[in-house]
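Between the sequences and the hints, there should be enough to build the whole structure, so can you do that?
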Amino acid sequence: MPELPEVETIVNDLRPGLKGRSFTDITILWPRMVLRPSAEELRQRLPGQTIQDIGRRGKYLIFRLASGEVLILHLRMTGSLLLKQKGEPLAKNSSYIRAVFGLDDGMELLFNDRRKLGTVSLVKDEKEVIGKLGPEPLGASFTAKELAERLSKHKAPIKAVLCDQEVIAGIGNMYADEALFFANIHPLRAANSLSPEEIERLYRAIQKVLSKAIGNGGASISDYRRPTGEKGSQQNDFYVAHRGGQTCKVCATPIERIPVRNRGTYFCPRCQRPPTGS
DNA sequence: CCCGGAACCTGAAGGC
DNA sequence: TGCCTTCAGGTTCCGG
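The first sequence: position 168 = 169 (my numbering), numbered continuously.
Keep in mind the hints are simulated off the structure, nothing from the lab.
Fair warning: there could be bad hints in the mix.
To be verified - Derived SDA-like pairs (lysine to any residue); straight-line CA-CA distance at most 20 Å:
1) Lys87 with Ser23
2) Lys154 with His187
3) Lys232 with Thr254
Stated by the list, open to error - Cβ pair distances, simulated, as ranges:
4) Lys128 with Ala67: 15 to 21 Å
5) Glu42 with Ala141: 33 to 39 Å
6) Lys125 with Gln247: 34 to 40 Å
7) Ala253 with Lys117: 28 to 34 Å
8) Gly230 with Gln208: 28 to 34 Å
9) Ala92 with Glu167: 42 to 48 Å
10) Ser142 with Gly88: 18 to 24 Å
11) Ile98 with Gly246: 14 to 20 Å
12) Glu129 with Arg205: 19 to 25 Å
13) Gly88 with Pro260: 42 to 48 Å
14) Gly265 with Gly140: 39 to 45 Å
15) Ala141 with Gly21: 26 to 32 Å
C-beta: ideal position from N, C-alpha, C; glycine also.
Here you go:
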């Protein structure tokens with residue numbers, strides 16, 4: 002499940018091979034993944050376009066093209082990207098190729114996505130796709146004060162609000178759980194009930210968790226792989242995410258799993274005390 | 001406007 | 001063994 006650290010890793014892995022390249026032939030095997038324009042129009046408009054650079058915004062991958070157009074990908078749940086030479090055989094974990102982007106140096110970029118939930122858009126103005134995203138949590142201008150202002154507008158559980166891309170961009174299920182653990186905040190606390198001290202802890206925890214995960218090349222849950230075929234190692238460093246039944250690395254209490262807004266949520270009941278009243 | 005839930009998808013896992 | 005149900009969770013859409 003690619004979140005900010007996984008997408009950042011993918012962008013950094015791909016940049017050396019993609020920057021300055023031009024697209025050649027495009028094959029869309031699952032047309033519904035192309036949100037705009039149509040799959041057929043994308044197939045006609047992309048060849049010949051040069052990639053000036055690639056970047057990330059939230060969980061989106063952004064290809065800035067020399068024409069001024071922007072190609073934007075989202076991997077959703079099971080998407081991954083793979084850069085390989087044309088004709089080179091596929092790895093075993095890449096049997097769900099939904100799109101093939103040919104490149105002018107004999108390489109090709111493959112969009113692999115078992116559950117077909119990933120998306121592709123080709124637009125003139127990136128705001129059409131990513132215009133509503135909240136701030137980048139690792140951006141230089143993102144402050145604890147801004148986090149406080151944004152959380153104060155929501156009374157939903159803090160876990161759910163952290164996953165809201167219009168509040169903060171790039172945090173999903175795994176890293177929301179991790180950040181709340183390091184901030185010692187229970188996932189069911191109302192977002193607008195956090196004290197200034199708690200918000201400060203959460204702010205620092207978000208930056209720590211995301212930075213560490215980027216350093217680890219992201220988390221390889223199930224069959225997720227980097228574009229190089231390597232696994233990330235962040236899954237070994239999780240304190241609560243996907244650790245239901247195992248013991249807390251800090252206090253040895255069993256990690257619990259509860260649904261929050263229908264999302265599996267892991268936390269330590271001792272390190273993260275429940276909201277008052279329960 | 002806000003909130004909760006369904007839909008989009010498929011394969012893994014568990015029950016019988 | 002095999003059929004069936006449930007679950008996984010990012011985003012969008014829809015109804016109350």
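Against the structure shown, which of the earlier numbered hints fail to hold, in ascending order? Hints 3, 6, 7, 9, 10, 11, 12, 14 contradicted; others consistent.
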